[in-house]
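Protein chains in written order, with numbering that gives the first Met the number 0: chain A, 0 to 241; chain B, 0 to 222; chain C, 0 to 222.
Hints are computed from structural coordinates only; laboratory data are not their basis.
All C-beta atoms in this analysis are idealised placements derived from N, C-alpha and C, irrespective of residue type, glycine included.
Possibly wrong hints are sitting among the right ones.
[Said to hold, decoys possible] Computed Cβ-Cβ distance ranges for the label pairs, DEER-style:
#1 C:G122 x A:G12: 18 to 28 Å
#2 B:R121 x C:A92: 19 to 29 Å
#3 C:L3 x B:R121: 58 to 68 Å
#4 A:P90 x C:E160: 43 to 53 Å
#5 C:E160 x B:F51: 29 to 39 Å
#6 A:G12 x B:Y188: 51 to 61 Å
#7 A:N135 x C:R121: 12 to 22 Å
#8 C:R213 x B:I202: 37 to 47 Å
[What the hints assert, rightly or not] Some chain C residues judged to face chain B by a derived CB distance under 10 Å, without partners named:
#9 A2
#10 L66
#11 A114
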Amino acid sequence: MILDVAALHKAFGRLEVLKGIDLRVKPGELVFVIGPSGAGKSTLLRCCNRLEEPTSGSIKVEGVDILTPGVDINAIRRRIGMVFQSFNLYPHLDALGNVTLALQRVLKKSRSEAKDIGAAALQRVGLGEKEKAYPNELSGGQQQRVAIARALALEPAILMFDEPTSALDPELVGSVLNVMRELRESGMTMVVVSHEMRFARSAADRVLFMDQGRILEEGAPQKIFNSPEHQRVREFLVSIER
Amino acid sequence: MGRFADTFLNWAVMAQYAPRILEGTWVTIRLALAVAIAGIACGLFLSVLRAFRFRAINVLIVFAVDVLRALPPLVIIIAFYFALPTVGVRMSAWVSTWLALSLVLMAFSEEIFWAGILAVPRGQWEAARSTGLSFLQTLRDVVLPQAVRLTIPPLTNRTIAITKNTALGAVVAVGEILYQAQSAYSFSYNPSPLLLGAAAYLILFIPVVCFGRWIETRFAWKR
Amino acid sequence: MEALIRGFFNFDILAQAWPILLAGFWMTLLLTLAVVPLGFAGGLAVALASTTKNFFVRAVVVGYVDLFRAFPALVLLMLVAYGLPFLDIRLGAFGSVALAFFLNTSSYYGEILRAGIESVPRGQLEAARSTGLSALQTMAWVVLPQAVRNVVPDLISNTLEVIKLTSIASVVALPELLHAAREAQALTYNATPIIAAGIIYLVCLWPLVRLLSRFEHRQIALH
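Chain A extracted, bound-state conformation (with noise of 0.2 Å):
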């Protein structure tokens, strides 16, 4: 197992967000969260890295429960790659310095050995010719496959897609999605949080309906999007395609 979370709960104050998540993992395997808005979905990504700090639970990436207290986890960090839905890009250095700033500081590469790897990372999601290019010179699209990059750049375990496409322009969506499942055939473990139903139809391993902090209903796209068992599901599924 890649990531194993088990029983994962988490509270904002009163708020529970997250009433118990059971989720496993496999090398290769392409996961696909889906669900309303508030469901918890973004929620339950945060927590696998620690930007936010689960309540209770257990929380394994490549067998090292994250939550134990001393665990070093910025070295944890980097194994988990995440992307975000306002891309976050670093907005005073060019997409090469984006790409390698983590490189260079966090695994103490050498200037010269971090652009190889910064180039190869950018030459991989198709933005080669644009190493010089500041955040502001690039379309929504193109500082999405930035920011891509920039977690592929670390080698990670597995990458996080936190609504990738949610803040681009339609017409920009395609080149997100086509980088991502050239992502998935080279083997790539993935966990992603998205509205794109078409491409979780034809990508997706398995797909999770999550809804009010639990996970309602799991299975094969085929199954979800075809026979869903619960009610709920096929009133959200409903409502997504208008």
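Mind docking chains B and C on chain A? Use the hints.
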């Protein structure tokens, strides 16, 4: 500890000079208010004048504002008080300080108001003029109300900073807090009056600084 | 007119006073080079301390900042210069000025940098942490560069104010530019040295003022 208290918190000395410090406090308050009112009023006037965009006048305004922002206030006060009399222009220490600080505040507030006027979108002018409002009516009823709101946080902070400079009046013997404290210190050769003076400033200005902080969050200045 | 030239722009007097003024100019420059970096470093420490989650530390920092922003700088300078010797702490004129300025400027720079740090979106921090950067690394490489960039106009404005403020060091007899000018005036019975000092300040600081006025217009216009 006893020696420390004797030196810095000498009640006898403090009691003796407290009335003088209190007197100084009133002078500081009056001076600060006079500076704030004159400075902001003149600054607003200049910024409105500038909105007419008469080339020659605007060049003059920008020049005067730049000079007043580049010179240290103390240099201006000293020039008024010590240099002007040599060419026959005499003014009291109070007037020198008031005039110098008012001019400095005028310069800063003119810049702030003018930036506020520029920040109001062109469409506002065009919309107002298209309904038949005159230039002055547009400025007064449409543009300035919007501009002033933008300018409140920087203007508040600048006014606080400049009114604190009333302490510079001590250098030309305006009888405000610092001057009273300093002369009491020289008479008694005991630093207690200085502490008393410092306390007077804190009582006066901590509420003002907190007010500035509150204004800043209230009218949050989005970048 | 002739009286004006003889009183204010007298070249014979200027020639006499020039060596004194020049020495004063170098002292002002030296003072600036000491006070600005020290204050900035102190301000950075203040700003970093105010980002901790520790309530006690934050309260102390807010107290420090508000306290030293409430004091007029001249009051602080007098307290340090005349009060500390009673504690057998003798810093000399330069040391007193440096300490008083440090307390004052670090508060202002601290407030500006804190605002800068707060202006950096939370997502930046999360993105950096998610790539494994530590809290300190995130601050140094991701947050601070953006924070400083966001408040460049305020930093320049404060630096201008600090440079102008060095003129108050004349009050404790540090021979900087204003002090030199007054000394030369006393020697020559002529106001030309004071006018000359004003012009020197003007020539040195005008570029900063112009730069700043550019920034301010852009800042408000972006609003």
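With a cut-off of 10 Å on the beta carbons, see whether A114 of chain C makes it to chain B. Where the cut-off is 10 Å and the nearest Cβ of chain B is about 8 Å from A114 of chain C, the hint holds.
Range hint 51 to 61 Å: satisfied by the CB atoms of G12 of chain A and Y188 of chain B? 60 Å, holds
At the C-beta level, are L3 of chain C and R121 of chain B separated by a distance inside 58 to 68 Å? 45 Å, violated
Take the C-beta atom of G122 of chain C and the C-beta atom of G12 of chain A, compute their distance, and say whether it sits inside 18 to 28 Å. The hint (18 to 28 Å, Cβ to Cβ) holds, given that G122 of chain C and G12 of chain A are roughly 22 Å apart.
So, as I understand it, the hint says A2 of chain C touches chain B; can you test that by seeing if any CB pair is closer than 10 Å? 6 Å, holds
Would the hint on L66 of chain C stand, with a C-beta cut-off of 10 Å toward chain B? This interface hint holds because 7 Å falls under the 10 Å limit.
Given a hinted range of 29 to 39 Å, is it respected by the beta-carbon distance of E160 of chain C and F51 of chain B? Cβ of E160 of chain C to Cβ of F51 of chain B: about 31 Å, so the range 29 to 39 Å holds.
Per the hint of 37 to 47 Å, is the separation of the Cβ atoms of R213 of chain C and I202 of chain B within bounds? The hint (37 to 47 Å, Cβ to Cβ) holds, given that R213 of chain C and I202 of chain B are roughly 39 Å apart.
So does R121 of chain B sit 19 to 29 Å from A92 of chain C, Cβ to Cβ? 54 Å, violated
So does P90 of chain A sit 43 to 53 Å from E160 of chain C, Cβ to Cβ? 29 Å, violated
Does the hinted range 12 to 22 Å hold for N135 of chain A and R121 of chain C at CB? Holds, at about 19 Å.
Hint violations for this structure: numbers 2, 3 and 4, all remaining hints satisfied.
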